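Student: Chain order of the listed sequences is G and R. Residue numbering for the first sequence is 1297 to 1487, as defined by the working numbering. Residue numbering for the second sequence is 15 to 363, as defined by the working numbering.
If you're looking for bench data, these hints aren't it; they were derived computationally from the structure. The model shown is predicted, which means the values in this text are computed figures rather than measured ones. A couple of the hints might just be wrong.
[Unchecked claim] Which residues of chain G face chain R? A few of them, derived with a C-beta cut under 10 Å, are:
#1 N1298
#2 G1343
#3 K1473
#4 K1474
[Unchecked claim] FRET-style restraints, in silico, Cβ to Cβ:
#5 R/L177 - G/N1379: 19 to 25 Å
#6 R/A175 - G/S1480: 38 to 44 Å
#7 G/N1379 - R/Q178: 21 to 27 Å
#8 G/E1303 - R/S162: 23 to 29 Å
#9 R/A175 - G/D1324: 32 to 38 Å
#10 R/Q178 - G/T1457: 44 to 50 Å
#11 R/S197 - G/V1342: 40 to 46 Å
#12 G/D1324 - R/L181: 43 to 49 Å
[Said to hold, decoys possible] Straight-line C-alpha distance at most 20 Å; calculated DMTMM-like pairs for lysine to aspartate or glutamate:
#13 G/K1368 - R/E53
#14 G/K1387 - R/E170
#15 G/K1387 - R/E180
#16 G/K1456 - G/E1421
#17 G/K1473 - G/E1430
#18 G/K1368 - R/E68
#19 R/K90 - G/D1304
#20 G/K1474 - R/E68
#21 R/K90 - G/E1441
#22 G/K1387 - R/E53
#23 G/K1368 - R/D59
#24 G/K1474 - R/D29
#25 R/K90 - G/E1430
#26 G/K1368 - R/E180
#27 R/K90 - G/E1346
#28 G/K1474 - R/E33
#29 G/K1473 - R/E61
#30 G/K1437 - R/E33
#31 R/K90 - G/E1345
#32 G/K1437 - R/E68
#33 G/K1437 - G/D1391
#34 G/K1387 - G/D1315
#35 G/K1387 - R/E68
#36 G/K1474 - G/E1452
#37 G/K1424 - G/E1452
#38 G/K1310 - R/E95
#39 G/K1473 - R/D29
#40 G/K1368 - G/E1384
All residues carry an ideal CB built from backbone N, CA and C; glycine is no exception.
Residues per chain, in single letters:
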Amino acid sequence: MNYQRLEDLELLAKISEQDRQALAALYDRYGRRVFALAVRMLNDPVGSEEVTQDVFMSVWRRGASYTSKKGKFSTWLFSIAHNRTIDELRKRRRDRSRENADIDDHLNIQSNDISPADAAVAQSEYAKIRAAMEKLPVEQKSVLELSYFNGLTQTEISTKTGQPLGTVKTRMRLALKKLRTALSTEIGAQA
Amino acid sequence: MTETKDSIESNKNLDARFENLASYVLGALDHAEERAAVENLIERDPEVQAEFEELAEAADLLAIAVPTVEPPASLKTRIMEMAGQSAPSRLVEIANIYEKQGGRTGASWWRRAFQSGIGVSAAAAVLVVVVGSALAYQNNHLGNEINSLRADLATESVAVANLQTELSTTLTDSENRVATMKSEMKVMEDDFVATTEMVVHQEEMVSQLGIANNALRQALSDQNWLTYVSTKEGYQVESWLAGNTQQITTTEPTASGLIAVQIVGNEAVFQVHGLPQPQPGYAYTLWLMGNGDPRPVAQFEVSGIGSATITFLLPEPLRFFSTVLVTQERVNGIGTDPSGTMVLSAQTN
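Okay, chain G solo, but in the shape it has when bound (with noise of 0.2 Å):
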């Protein structure tokens, strides 16, 4: 069986049926996207290893009870990776002893499994949804990059921008909306 043609629900009920091949088959197909984003989000590639660890083995272990109210299985799954990372970033700001590493060391690691096809793509999409990024207002792809990706609640980017609490719900609900009609056509491809 080919596993890199399943779907990915299809790919989820092997999971329940401890078929570690289905794991290693999602893992190849997000694995890349969750260390990214994390890495994004932490600037340390080792505790970003530690969160797309936990990423999986939350797949591995609780995949059968995702349901498609939760939304589509990828905003699902990077809904867990974000969520994981925002609580590794929170608990770090907390306890400020720890050293971030090096990144330079470790971002440039390539692995052997990665086609240049597969990182042509990958390249592709980002650089489009960078370009959507790019054209919105700026007050929109401020308050997207504190929450996103650097973890800030609404209320602690209204403290650092100065902006009311209101606006700043208004403007992150605002930069989702223009972001998804940019980038409609790459929805539907992603669906």
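We have chain G already, so just place chain R on it with the hints.
Tutor: Frame of chain G, contents of chain R only:
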């Protein structure tokens, strides 16, 4: 690019149900209660569910909007090894599977089973499946509750950790303040003790200086008399008004004086020392008594240290008088007899 005011204004009247959805999707809500409220809305309100899916898909894109970073190959190996040691939870919906099987075969399946003589066995099997399905369903339900409780517990743990950190910080601040205040109080106490000791020391010094000053004044006084007598050639001291307590009476304990008389001639010198300044409008007056009416000889003022030296002509030889007297009298108002306060008197030799 900058946003327009209109774009913000257009969202001011946003339905309250959607208010926290974007923050929820971005993981930017502050409290677990807010997250639970949003999840509850998503669960029961289709419109909120639709809006959530739309925003969540956009947030999904953010996860891709990061530079590609390849994880080390060892990470996948490690995850696969851990998966080999840990079985996934089996939440297979047995009840659904059973329902699907029933739907596919229909009621005739039951009739055929009983007609073929395996009714009892089949009934027992069905009973096992039904009970198993119920248990599996219950297991699934409990599993979900446990997951929910774990999530709540994790949130509470974070809140407790935050509270502990804040309390610890507050306690440390208070301890530091108390230590600082104690240190300041100790310094103040030390200063107070040092100041008190200094005051006592100064009082002792003032006392000693007073004693020394009196001794010096006495020495100066004695020196004055000796100097005077030794320089006044042709004079002899007729009456010591100082040091001869049997002959001197005074209301001023520090006062003393003498009268020296020219050996040949009728000139006399009177010198006094240690008198206070007289009352305003008064002056000291020297009297010779005991030879008829009192004779006022001179009215005089004293210096800043209570000294005065006057020279006068004796109306008669001093031996004809019995007493020398000093009183305070009104300036230019001397009567025939002393009437003011007597400050010094002495018998002549």
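Student: Taking each numbered hint in turn, which are not upheld by the structure, reported in ascending numerical order?
Tutor: 1, 2, 10, 16, 21, 22, 25, 26, 33, 34, 35, 36, 37 and 40
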